[in-house]
Amino acid sequence: MLDFLLIFRVLVFPGFTFILFFTLFCDWVERKIEARMQNRVGPAVAGPAGILQPLADFIKLLTKEEIIPRDAKKNIFRIAPIIAFSVMVFAICFLPIDGSSAISMSGFTGDLIFIMALVTVANFFLFMSGWASSNPYGGIGAARVLTQFLGYDIPLFLLALTPAFLAGSLTISAIAASQYLPFILLAPWGFVLFIIALQAELEKDPFDIPHAESEVVGGLETEYCGGKLAFLHLTRDVQIVLGAALVVELFLGGPYGPVFFGLPAFWYSLWFVLKVLAVVIVTEYVTCLFARLRIDQVLTANWRMLLPLSVLSLALTVAMATYVYPMVV
Amino acid sequence: MSKLATWARLKSPWVLHFNSGACNGCDIEVVALLTPRFDVERFGIKLEPSPRHADVLLTTGAVTKQCAERLKRIYDQMPEPKFVVAIGACACSGGVFKGNYTVAGGVDKVIPVNAYIPGCPPKPEAIIDGVVKLLNSLKAPKTEAKVNDSK
Ligand code: SF4
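So the protein sequences, as listed, match chains A and B. Take this note's numbering: the last position of the first sequence gets the number 329, and nothing is skipped along the way. Take this note's numbering: the last position of the second sequence gets the number 151, and nothing is skipped along the way.
These aren't lab readings, by the way, just hints derived from the structure by calculation. Be aware that one or more of the hints could be misleading.
Under the rule of at most 27 Å between Cα atoms (straight-line distance), these lysine-lysine pairs were calculated in the BS3-like manner [what the hints assert, rightly or not]:
#, chain 1, residue 1, chain 2, residue 2
1, B, Lys139, B, Lys98
2, A, Lys73, B, Lys3
3, B, Lys72, A, Lys74
4, B, Lys3, B, Lys82
So that you can see chain B by itself, here it is in the shape it has in the complex:
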């Protein structure tokens, strides 16, 4: 039974995209995933409109202090099991905005992050790779799912 559930989870990760203060560079790359060239629907990945439907939260951009609370609320609204992928240098650590007086830091300052995909912005291939690695880490549930993709 749990094998079936894992299979289903691996084959149908629905994602929600949240911009917590990105320059829009990473967002364009996330949207590029849906285009015919990359077509993530091949893997069953669907962009969902509501946090209640999503399994994976794709966050882009450094977390501004104003946005931190909203990001946390969005995260709380997602049903378990849920995963967070930080896309771009800003989301991973704060990037060029680190130390700014309006910025709280990377996404992991606010909510637990399962996978980091650095790059400014990361290529769509790198994002797909990161999500796939995150999903594969589901197969062996005990290990901490920390994937570092240095593309």
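Bound-form chain A, shown alone:
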């Protein structure tokens, strides 16, 4: 009995199937917002208001011919995109979505660090996929993924510790559950910096250097086609959902919100979806507003500004949490 429930939770809701369709939906929302910001209509023909567009792209890519370049490292070329995708989905499975995470009873002390580590591993597999394609553009794109990664990883980690300090725990579910007052109100500086660092992690403007079309063709996905390309695209979209979900869990009170009637799980999922959509909209808004930086500018900005600022934000948070908030809250 328990096993059936676990399988259902992992495979259907709030596990794999839910994440897959939610990801495609977020992709559609992003494309629509980008189009509207540019005074265009955006996808409009596939399904009502083009809502099936990401699904159509996905299916089409799956049905295309698979080409493996002669010089590519064939096994890595084949499996790296799928592993990157799976690791991302695996990381989402640890986030509480309908009050508990997909793998129930999986919340353990320090799973925040575990999830950040999973994101790192997934990024490394993205690098491998580009490197294995033996294409100069793919190689440059892959190297850029790692270079950019050097810049934002440490600030992102430090900033993720801000809510952990406020909650006094490294467990994501505990952090989410302890936010009677969302941490965005208690530490707005941390939230703003986290969004900026996240923008770099998600490879979106102004940090979309790894796949800058006008410079490196398609970046690490230059040589990919068919199903493998579909999974690379999906990895990027899942990464955006994962990043947005992390913001929700750490700063926006997680899936918790008012329960009006009926099952709390339903309301929690609804709040989760709405909050993630809000974060996705914010990041896409930032993407549309800014132009791309150069890779050296990104690294300088991250090491000279973002890193000191995140240390400062952490110190400020610790000071506030120790001296000020106990008196007020």
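Assemble the complex: chain A is given as a structure, and chain B with the ligand must be docked to it using the hints.
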């Protein structure tokens, strides 16, 4: 299953633009497709940077002898199923450059072409119309996809 695949292909044709010797007139028109006024993303059409990602190859201009080999290589790099649309009088037949000693001729001298869109340069509407007609010809797969749009 194949119905689903056809639907997906119809709804998401990703295009690659290749200039094999055009005067840049047709290229401007192709780029105009992406602007807010025409916005081909409505139909799921996306301009892709790499031939590996593309379904439709939009070629402009007469094929110069030097470019012929490159055009063929780009075509070979695209994964099946793939389609070629020749945009502009030059790409269709060589146009005003026909018979020139540096020009091999129209695009169909080098690679198979699925749709011809004449005009010098063709209007963006004509290009959209040509691509849509090409896609609709997918629905009945046996017939030869030769679309001649005389706008
Ligand atoms: S058809 Fe006309 S506009 Fe197009 S490339 Fe030829 S000469 Fe230029």
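Taking the hints in turn, this is what the structure says about them:
1. Note on Lys139(B) and Lys98(B): the hinted pairing is violated, with a Cα-Cα distance of about 35 Å set against a maximum of 27 Å.
2. At roughly 34 Å between alpha-carbon atoms, Lys73(A) and Lys3(B) are farther apart than 27 Å, so this suggested pair is violated.
3. Restraint check: the Cα-Cα separation between Lys72(B) and Lys74(A) comes to about 25 Å, which is no more than 27 Å; the hinted pair holds.
4. Note on Lys3(B) and Lys82(B): the hinted pairing holds, with a Cα-Cα distance of about 18 Å set against a maximum of 27 Å.
In this structure, the earlier hints numbered 1, 2 are contradicted, and the remaining ones agree with it.
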